[in-house]
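Taken in sequence, the protein lines are chains A and B. Going by my numbering, the first sequence opens with residue 10, and the numbers climb by one from there. Going by my numbering, the second sequence opens with residue 149, and the numbers climb by one from there.
These aren't lab readings, by the way, just hints derived from the structure by calculation. C-beta atoms are modelled at their ideal positions from N, C-alpha and C, and glycine is treated no differently. Take the hints with a grain of salt, since some may be wrong.
What the hints assert, rightly or not - Going by beta-carbon spacing under 8 Å, a handful of chain B positions derived as facing chain A:
#, residue
1, Glu270
2, Ala271
3, Pro355
4, Gly407
5, Gly412
6, Ala446
7, Pro448
8, Gly449
9, Pro543
10, Ser546
11, Thr553
12, Thr560
13, Gly563
14, Gln566
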Amino acid sequence: MTATTGTPQDTSPVVRGAAAGAGGGRLFRSRRARPLISHGRWWWALPAVLMVVLIHYLATAGGALYAFTDWSGVGDFNFIGLENFRRIFADPAMIGSLTNTLFLAFGFLIATNVVGLVLALALNRTLKTRYLLRVLFFMPVVLSPLAVSYVWKFIFDFNGPLNGVLGWVGMEPQLWLADANLALWAVLVVMAWQTTGMVMVIYLAGLATVPTEIEEAAALDGAGNWRRFRHITLPSIRPSVAIASTLMLLQGLRVFDQVMALTGGGPAGATETLATQVYKETFALSNFGFGAALALLLTLIMLVFAVLQQAATKDRS
Amino acid sequence: MTQQGHGRLRRLGVLAAAPALGALTLAACGGGDDNASASGSGGAADSFTFAFENASGGAENPWLILAEEYSEEIGVEIETNPLPPDSYGLTMRTQLQGGNAPTLMMFAPGSGQSSSVIPLAEAGYLEPLGEEAASLVPEGSESQFGIDGEIYAQPTSLIPVGVTWNVGAAEEAGVEYPEDFDAYLEACQSLADQGKSMAVIAGAVPPNPGLMAMAISATRVYAETPDFNDQLAAGDASFAESEGWQDTLETIVEMNEAGCFQPGAPGAGFDGITQGITQGTSLSAFLPGTAANELANATPGLELDTRAFPPADGDPYLLASPNYVLSINADAEEAQKEAALDFLNWMSENAERVTEVQGGVPITGPGENLNPTYEPVRDLLESGDYAPLPNQGWPNPSVYGALATGAQGLLTGQGDVQSVLEAMDEAYSQ
Numbered sequence: 010m011t012a013t014t015g016t017p018q019d020t021s022p023v024v025r026g027a028a029a030g031a032g033g034g035r036l037f038r039s040r041r042a043r044p045l046i047s048h049g050r051w052w053w054a055l056p057a058v059l060m061v062v063l064i065h066y067l068a069t070a071g072g073a074l075y076a077f078t079d080w081s082g083v084g085d086f087n088f089i090g091l092e093n094f095r096r097i098f099a100d101p102a103m104i105g106s107l108t109n110t111l112f113l114a115f116g117f118l119i120a121t122n123v124v125g126l127v128l129a130l131a132l133n134r135t136l137k138t139r140y141l142l143r144v145l146f147f148m149p150v151v152l153s154p155l156a157v158s159y160v161w162k163f164i165f166d167f168n169g170p171l172n173g174v175l176g177w178v179g180m181e182p183q184l185w186l187a188d189a190n191l192a193l194w195a196v197l198v199v200m201a202w203q204t205t206g207m208v209m210v211i212y213l214a215g216l217a218t219v220p221t222e223i224e225e226a227a228a229l230d231g232a233g234n235w236r237r238f239r240h241i242t243l244p245s246i247r248p249s250v251a252i253a254s255t256l257m258l259l260q261g262l263r264v265f266d267q268v269m270a271l272t273g274g275g276p277a278g279a280t281e282t283l284a285t286q287v288y289k290e291t292f293a294l295s296n297f298g299f300g301a302a303l304a305l306l307l308t309l310i311m312l313v314f315a316v317l318q319q320a321a322t323k324d325r326s
Numbered sequence: 149m150t151q152q153g154h155g156r157l158r159r160l161g162v163l164a165a166a167p168a169l170g171a172l173t174l175a176a177c178g179g180g181d182d183n184a185s186a187s188g189s190g191g192a193a194d195s196f197t198f199a200f201e202n203a204s205g206g207a208e209n210p211w212l213i214l215a216e217e218y219s220e221e222i223g224v225e226i227e228t229n230p231l232p233p234d235s236y237g238l239t240m241r242t243q244l245q246g247g248n249a250p251t252l253m254m255f256a257p258g259s260g261q262s263s264s265v266i267p268l269a270e271a272g273y274l275e276p277l278g279e280e281a282a283s284l285v286p287e288g289s290e291s292q293f294g295i296d297g298e299i300y301a302q303p304t305s306l307i308p309v310g311v312t313w314n315v316g317a318a319e320e321a322g323v324e325y326p327e328d329f330d331a332y333l334e335a336c337q338s339l340a341d342q343g344k345s346m347a348v349i350a351g352a353v354p355p356n357p358g359l360m361a362m363a364i365s366a367t368r369v370y371a372e373t374p375d376f377n378d379q380l381a382a383g384d385a386s387f388a389e390s391e392g393w394q395d396t397l398e399t400i401v402e403m404n405e406a407g408c409f410q411p412g413a414p415g416a417g418f419d420g421i422t423q424g425i426t427q428g429t430s431l432s433a434f435l436p437g438t439a440a441n442e443l444a445n446a447t448p449g450l451e452l453d454t455r456a457f458p459p460a461d462g463d464p465y466l467l468a469s470p471n472y473v474l475s476i477n478a479d480a481e482e483a484q485k486e487a488a489l490d491f492l493n494w495m496s497e498n499a500e501r502v503t504e505v506q507g508g509v510p511i512t513g514p515g516e517n518l519n520p521t522y523e524p525v526r527d528l529l530e531s532g533d534y535a536p537l538p539n540q541g542w543p544n545p546s547v548y549g550a551l552a553t554g555a556q557g558l559l560t561g562q563g564d565v566q567s568v569l570e571a572m573d574e575a576y577s578q
């Protein structure tokens, strides 16, 4: 191999410019073969790395420090060790918020991925109106979560259209957002309704990479729809599954806007999540230390689930 | 020196000049501040800044009106900063800690709310006020306006909190305001038969059920034990062991079971209150007196007044306290502080006008010009049969949060009276 045929990935001595006895052509060869970012220039990234460390990680770590204090937002504070975390796990309201967060996160993950995949499969190739329908299903994604939630709040209102429809068919009106058994489901419906279009687009992108020849060959061999989906389509869109499920899980874990706009965490904490509790404890009740502990817990939960989820959807082929 | 050497020097010079220029610019800015301080010393400034809550966002806010009148009369410009109530406390705390808070600020008395004045006074962010402010503080309530013998907050007017009664709708429905709770429950049934409700509440917004619970506690708790909050602070009482507080929450359960609230009450917002009261489908609501005034002023033909919630037995009792106070930023320039203090003095000298604009009751008690809205409770105000809002005497906002959320839960069938009171005790001990 000569230097001129080397690639940036080639790590032979000639490519790195270290070959002995290269003569007059050595400098020319090594310069042409040098990778775009070579050894010795790592410090180019240093300002950006420092900024990220200082602004993002150090500031976050500084905020996390308050999780071990009793700071009320003004004045002095004391370090109280793990007392805030003990309070979190001893308080039924906080445990309820944690349960609600997990319910919404996994419900959201399942609902958006199942419906999004079904929509993507339905609108992938054959349907003539597929482009129009894709736009219609994607449209809620571009709207503000607050705006969408307020529209749904009107729909769920006791005197709203949903109860109106129930009335027409002779059913009793429901307190959709004020019934402890229904409110969390109502929030989940709104979350899923708005975001399913996003998942559909991710899966459509994945489906575009599935080779039609293989599907056709499988069909000719007598494989039915389900077997083709199970053994050809699904393995081919594994990267899309990983992306969509990770994004939806994280979005579900940090849900805030929809809960605040629809129920405010009520009735009596029935739809409270960790994110809404962080806001209320920190900013409404001035328990900055306790709020920081909740925020830290939420961050750790998201980190753990993100890692687990990545491991679960890892391509092992 | 070589050409390369000159180049290095030039680059070094540029590098050194940038921070030097920055430092000079900052020094120039600092110098400007010093000059401003100096020019302001020796007398009141001709302008100052004033921040306050503005729930409606409109120009009819009482503080805006008063600031404009003061500027016109005295010639001192007040730069107003109306802020939304939900983030007001946080904004003020952040600005005070950041050193860029306005000179004059509106707060709530005591420690029980996110915009309460006492934690800020304890942290040293507020300026002690003079004798004039101290003379306005209701007797026995000094601990809600200051610490260590100093007063840090000037009260403006008393705001009665009870039942806002729709006189016109009541006449139309043939219902008189009940004298006791049994009569109240009977009236609930009678009104439900007419397709109306005795009370309209914003069940989806916890502070409204919370305010209702406090209004009911006036007769159940504070009429018999006016020093209940002092007993709590001393550790001699608890919510869970208080018969009065148990009665208070039981009353809410009974009202709910008797159909006293509008259909869909647990899911209703504040718009439900406005609609129910203005359209006459509900006869009453639990609102501060000022809100009732605003509602009546905004709706021609709507006749509202303020009543005490009917007692289970015994005499009626009311909640009334200065819900808003004004404080001066300790970090403001002396001239600015002096100008703000002049404004506070002007307000106490013009108490009648302040009361009229705010829709409250003069801090010194009801006079001849009592707002007609409060005529039904004039006797109670004159005889001192009222207590301040209970949460003003609680040590942190979480206690009221537990009461408000708990009262909401009683409406939706979540939890029970005892668990709500235990949650309040737990919050009190934080």
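- prompt: Which numbered hints are broken by the structure, listed smallest first?
  reply: Per hint list: 3, 4, 6, 7, 8, 9 and 14 violated.
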